Amino acid sequence: MASGAPRLVVGVDIGNSTTEACCARVDDDGGLEYLGSGLAPTTGIKGTPDNAEGVRRAAGQALADGGCRWPEVDLVLTNEATPVISGLAMETITETVVTESTMIGHDPRTPGGSGIGVGTTVALADLADRPVGEDVLVVVPAAADFEDVAEALVAAAHRGVGVRGAILGGDDAVLVANRLEETLPIVDEVTLVDEVPLGMLAAVEVAEPGRTIRTLSNSYGIATLFDLDAEQTKMISPVARSLTGNRSAVVVRTPGGDITDRRVPAGSIALRGRSSTVSVEVDAGADEIMRSLARIRPLVDAEGESGTHVGGMLAGVRDAMSELTGQRPDEVAIEDLLAVDTLVPQEVRGGLAKEVAREDAVLLAAMVRTSRGPMEQVAAEVRRVLAEEAERVLEVEIGGVEAEMAVGGALTTPGTGEPIVVLDLGGGSTDAAHADTDGEVYAVHVAGAGDLVTTLIDAELGLDDKQVAEEVKRYPLAKVESFFHVRHEDGTVQFFTEPLSPELFARVVVLTDDGMHAVPGRHDLATLRHTRREAKRRVFVVNALRALEQIAPGGTLRQIEFVVLLGGSALDFEIPDMIADAVAPYGIVCGTGNVRGSLGPRNAVASGLVSGHARRRRVSGAA
Amino acid sequence: MSVDDGPTRPVVLVAATGTFPTAVLRELCAGLEEEGVPHELRPGHDDEPDPTALAHRIARESPLEVGVGLTERGIAVHHAKLPVARPVTVDPDVTGEVARRMGHDAARVVTGIPLKFVSDEDHAAVGDAARRA
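Sequence order for the protein chains is C and P.
Everything in the first sequence is counted per this note's numbering, starting at 11 for the first residue and increasing by one.
Everything in the second sequence is counted per this note's numbering, starting at 1368 for the first residue and increasing by one.
For reference, chain C alone in the conformation it holds in the complex (with noise of 0.2 Å):
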């Protein structure tokens, strides 16, 4: 088989989102020179012709990268490029419905006074018509003055009214404040205040600045204000706990007034396993959900209800992959399955300034993988393309599983050896490949990757912006705190010459790499970390263990050495981190993979492809 000179080889490994090359010099005797790499967007679902443009610019950049040209080129090895789709659904389980006009609960910045105050509800035009000993709140529209009001307060005192507090639609809470001469609570912002019901007896309540109030978000407390029984008790018990921890609040005793925490039915998964079939319902939880999935393991396919967003999105992975595949949609099974729970800002229904609860909601991420993809169509189409390139045919070849392919790269990261597991870290699925001391491997699959951290953080902080959500995800926080300084999210502080733009100014910000993007709403630094964090330690930190459990000789995680990541969230600043702290107790080396040395956690199959094929040629050169 030898043939003399030494070949040029180009390794090609097409990714659900990114297509990695490299190339390489192969001798005769299995003799192995790499010589650059390359790195592109993927071009069209991975497994299709699409991918060919892809592959000619990430191999072009190889090439260009290692000195060398098209012409030149002897072999085109690509991975088994397997397509997989990948869906999220998120079902909202439980939603706050107020009935009625019963209460205030948002937190304006400046409120004003402080105290409670219990009254009936009065407009501020009807003020002066008061009887003498009537204890009232003053509902007051956003146009009257700051000045006319605090006047129209004092005289209704004066009278011998009992002006207990007032409800604002302007942001004068702290003016009129300052100019009563007795402390009171004061709401302000409040954006409906003209559907505050009037003659109705009602509770204002202002903490001091920096506390929270505690009478009107204890049930107890509310009980106590309006004199109710057990049974009036456990239906105000809802307001009361959406009232906790802000610092202002207003509470409505509206006769047939209702607020109930709903639960929303979000329908049933059937689980199909290889011996039983188990139907979960969704509104039981990610826990119930999980279980089921563990004990009829491993799964078969999954089935949700019809009209149900579950059910919606599982039916459009499967729809998706057919179409791709010709297949019928109900050959194709869903392989797994991820639940999540979550918890997302809602605006509550019939609320007076824009209230947020936060209900319980399940986010479900799915994936199917095929090996049947049109893999031989893929490759005649990267041939027609390159050979645009080269001005002659190329050798293209669809070399080996991609499993073996990473596992092959992964180990020429230093320091590592068999037995070793490589954790491909992606944008839809998290995947596993291990490797015995013979070179056996086997890999699985699990649905939820960085696409569903980017879901998750944008739902729990109701960004409502899959950009914003993106950015938080990838890149650290900052706090602006002056114009010319920023507060890292570690506290450490850096100084800039040039002034910060005022838009910016006491905003939390995240350090992308074109600057410094301010994200919308009040989220604190604190608040947006935490969320972060923690929507990558339930995706990616959850994913690692049940990959490694399926996947460790016996289920055991001792069994595993080495766990090597792979893939784009390895790059990420802190997951690999979380991964390693997950897996340290049982005794396993894990850290982000350094492909060849030097090209961190990027290139492993393209690498892989070309060393698998210098050994193969080792072998056939010495038979």
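Keep in mind the hints are simulated off the structure, nothing from the lab.
Predicted model, so just to flag it, every value in this text is computed and none were measured.
Just so you know, not all the hints are guaranteed correct.
Stated by the list, open to error - From chain C, some residues computed to sit far from chain P (all C-beta separations above 12 Å):
| hint | residue |
| --- | --- |
| 1 | R17 |
| 2 | G40 |
| 3 | L185 |
| 4 | N228 |
| 5 | A240 |
| 6 | E333 |
| 7 | V395 |
| 8 | A592 |
Stated by the list, open to error - Some but not every residue of chain C turned toward chain P, in silico, with C-beta under 8 Å:
| hint | residue |
| --- | --- |
| 9 | R119 |
| 10 | G179 |
| 11 | D181 |
| 12 | D182 |
| 13 | F493 |
| 14 | F494 |
| 15 | P509 |
| 16 | F515 |
| 17 | A516 |
Unchecked claim - When the alpha-carbon atoms are kept at most 30 Å apart in a straight line, the in silico DSS-like pairs for lysine-lysine are as follows:
| hint | chain 1 | residue 1 | chain 2 | residue 2 |
| --- | --- | --- | --- | --- |
| 18 | P | K1483 | C | K489 |
| 19 | C | K476 | C | K489 |
| 20 | C | K364 | C | K244 |
| 21 | C | K364 | P | K1483 |
| 22 | P | K1483 | P | K1448 |
| 23 | C | K476 | C | K364 |
| 24 | P | K1448 | C | K476 |
| 25 | C | K489 | P | K1448 |
| 26 | C | K364 | C | K489 |
Backbone N, C-alpha and C fix where the C-beta goes; we use that ideal spot for every residue, glycine too.
Got chain C sorted already, so can you dock chain P onto it with the hints?
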């Protein structure tokens, strides 16, 4: 609120010159008061028609390093350490509404709260929920 206790009391300084409706100055001071930050009034001179330059001059005299300039040409909030040409915020409309917002923003530069003129912030209700987590 605007009693002169001597030069070292922590105050935001407000300088006004020219003719404008009295309600404008009142709203400006109301914005500062609502945020709980003390302020004092200082006279502006007739040869200071530019609100930005006036705000900067007065900011340099303020113990809190924050000044508001109000003239016929507009209203500006400035910080002593910023370059003259880069005010915190400036608006050519001399109206009660703008004045109120300027008062809030001058106070917020002192207290370190995101500014009102940045639109997406103030009515973002999502923060209320997160605090309850």
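Outcome of the hint check:
1. Remark: the non-interface label on C:R17 is consistent with the geometry, its nearest Cβ contact in chain P lying 58 Å away (cut-off 12 Å).
2. For C:G40, the condition that its CB be more than 12 Å from all CB atoms of chain P holds, with the nearest at approximately 58 Å.
3. The beta carbon of C:L185 is not kept farther than 12 Å from every beta carbon of chain P, the shortest such distance being approximately 5 Å.
4. The Cβ of C:N228 sits about 15 Å from the closest Cβ of chain P, beyond the 12 Å cut-off, so the non-interface label holds.
5. Every Cβ of chain P is farther than 12 Å from the Cβ of C:A240; the closest lies at roughly 26 Å, confirming the non-interface assignment.
6. With a least CB separation of 37 Å from chain P, C:E333 remains clear of the 12 Å interface cut-off, as annotated.
7. Remark: the non-interface label on C:V395 is consistent with the geometry, its nearest Cβ contact in chain P lying 45 Å away (cut-off 12 Å).
8. Taking the minimum C-beta to C-beta distance to chain P, about 23 Å, the non-interface status of C:A592 holds against the 12 Å cut.
9. Of the supplied interface hints, the one on C:R119 holds, with its beta-carbon coming within about 7 Å of a beta-carbon of chain P, less than 8 Å.
10. Taken as an interface hint, C:G179 does not check out: its beta carbon lies about 13 Å from the nearest beta carbon of chain P, beyond 8 Å.
11. For C:D181, the interface hint holds, since its Cβ comes within 8 Å of a Cβ in chain P; the closest pair sits about 6 Å apart.
12. At about 7 Å, the closest approach between the beta carbon of C:D182 and any beta carbon in chain P falls short of 8 Å, and the interface hint on this residue holds.
13. With a least beta-carbon distance of about 6 Å to chain P, the hint placing C:F493 at the interface is held under the 8 Å criterion.
14. At its closest, the beta carbon of C:F494 sits 7 Å from a beta carbon of chain P; the interface hint therefore holds under the 8 Å criterion.
15. With a cut of 8 Å, the hint placing C:P509 at the interface with chain P holds, because the nearest CB-to-CB distance is about 5 Å.
16. Of the supplied interface hints, the one on C:F515 holds, with its beta-carbon coming within about 6 Å of a beta-carbon of chain P, less than 8 Å.
17. Taking 8 Å as the C-beta cut-off, the interface hint given for C:A516 holds, the closest approach to chain P being about 5 Å.
18. The suggested pairing of P:K1483 with C:K489 holds, with an alpha-carbon distance near 17 Å, which does not exceed 30 Å.
19. Between C:K476 and C:K489 the alpha-carbon distance is near 22 Å, which keeps this suggested pair within the 30 Å criterion.
20. Between C:K364 and C:K244 the CA atoms are separated by roughly 24 Å; this keeps the pair inside 30 Å, and the hint holds.
21. For a cut-off of 30 Å, the pair hint linking C:K364 to P:K1483 stands: about 18 Å separates their Cα positions.
22. At roughly 21 Å between alpha-carbon atoms, P:K1483 and P:K1448 fall within 30 Å of each other, so this suggested pair holds.
23. Simply put, C:K476 and C:K364 have alpha-carbon atoms about 23 Å apart, close enough for the 30 Å limit, and the pair holds.
24. With a CA separation close to 37 Å, the supplied pair P:K1448 and C:K476 exceeds the 30 Å bound.
25. Between C:K489 and P:K1448 the CA atoms are separated by roughly 19 Å; this keeps the pair inside 30 Å, and the hint holds.
26. Our distance criterion of 30 Å between C-alpha atoms is met by C:K364 and C:K489, whose separation comes to about 26 Å.
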